[in-house]
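K.L.:
Sequence:
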Amino acid sequence: MRDYDLILAGGGLAAGLIAMRLADTRPSLNVAIVEGGARVGGDHIWSSFDTDMRGPQRLWTDELYGHRWQGGYKVKFPALSRELRTGYASVRSEALDAAVRQRLPADNIMTGTRIEKVLPKMLRLSDGRVLQAAAVIDCRGQDASKHLQLAWQKFVGLEIACKLPHGRTKPVIMDASVPQIGGYRFVYVLPLSETRLLVEDTYYTNGPELHEREVLNRVRDYIAGLDIGAHEEGRIETGVLPIALDGDIEAFWDDEPNGPVPRAGMAAALFHPVTGYSFPDAVETADFLKSQTRLDAGPLYKALRGFSVERWKARGFYRLLNRMMFEAAAPEQRYRTLQHFYALDEGLIERFYAGESTAGDMACILSGKPPVPPMKALGVLARSVPKISWRPRWRRKQQDL
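Going by this note's numbering, the first residue of the sequence shown is number 5, and it counts up by one from there.
Treat the hints as calculated values from the structure; they're not laboratory data.
Be careful, since some hints might not be right.
Heads up, simulated BS3-like pairs for lysine-lysine below, C-alpha to C-alpha not over 30 Å straight-line [what the hints assert, rightly or not]:
id, residue 1, residue 2
1, K317, K306
2, K167, K80
3, K294, K121
4, K294, K125
5, K121, K150
Using the sequences provided together with the hints, build the complete structure.
P.N.:
See the structure below:
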């Protein structure tokens, strides 16, 4: 006899959004979340551009946004500074945790609970308990896989409270005017209020090692240069996110020692290959699941695998750009790829972040003076031709609220 209709193994972003969406649209389902940490979502901030998602998706996630910037954002590079008009929004994990707790019974949210083994219809916990369901979705994040070639986006962020207003109203999504150390480096600044800032120092590197103390000191040095006066330090956030260069997505899904377990989120390689942003894909996954007529393990595995594979194959162009940046450019010159990109049309930039670049967009991004050495770029292109899907984009299906 099963305990639940659906168990979400891991209580991160993907699981929280799935739980929210199913509770709102299919309230008869008995859904549970099992998470090792103290709360759903952990301790993170997830961001996205207004154009990354459809209007209805912004509506059903509206309660989550603690910060919105409708006036656009800024980028800075050694040879380019620009303000763009696209809106930007951020979600804190506290908001996701609260939204899930408002919808699921308290007994169905098992935080502080370690998972020992995940099977298609069963979860074994470290305390010996076994939970049964019609299906289990593995939402525990991405493990290293021999089937995916990855680089890494690593960051250390520090929130500060200023004694006086800091005077900043727009996010700085990328400030790559800073010294380039170890790879593509930029600083990310979010004005959370008139007196509060989040400052993150980010690196695109070949390896996942993060020297937190060293990077935190660079964050402090950057803050000292902002001329904001006295301030107090608060929350520190660190992260190591995958950047996709290449891979065999079918083999990635085949490599499952515990059988065909449905996956979502980073565990299903659902993230933007260049930016690492995962919020839009997690929202799209939640919408996709609400429309599935059968949530049994077998059909659900097939559906989620197809969902993941379709997006991976449609995003070959973005992985090519990553290979150009990592394989054709010296580490301290990688910023040139993004500097070239951010000089282009604003609509192209919006479609890029949304994963909907057209064939014309792709040609435009690759045209002009190359931001990497031409011969090395040609070598990357020559090795990539059989692997790239040149379809202009995968088309979203309209879904009801």
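K.L.:
Does each hint fit the structure? Answer for all of them.
P.N.:
Evaluated hints:
1. K317 / K306: holds (16 Å)
2. K167 / K80: holds (26 Å)
3. K294 / K121: holds (26 Å)
4. K294 / K125: holds (19 Å)
5. K121 / K150: OK: K121 and K150 at ~21 Å, within 30 Å.
Checked against the numbered hints given earlier, the structure satisfies every one of them.
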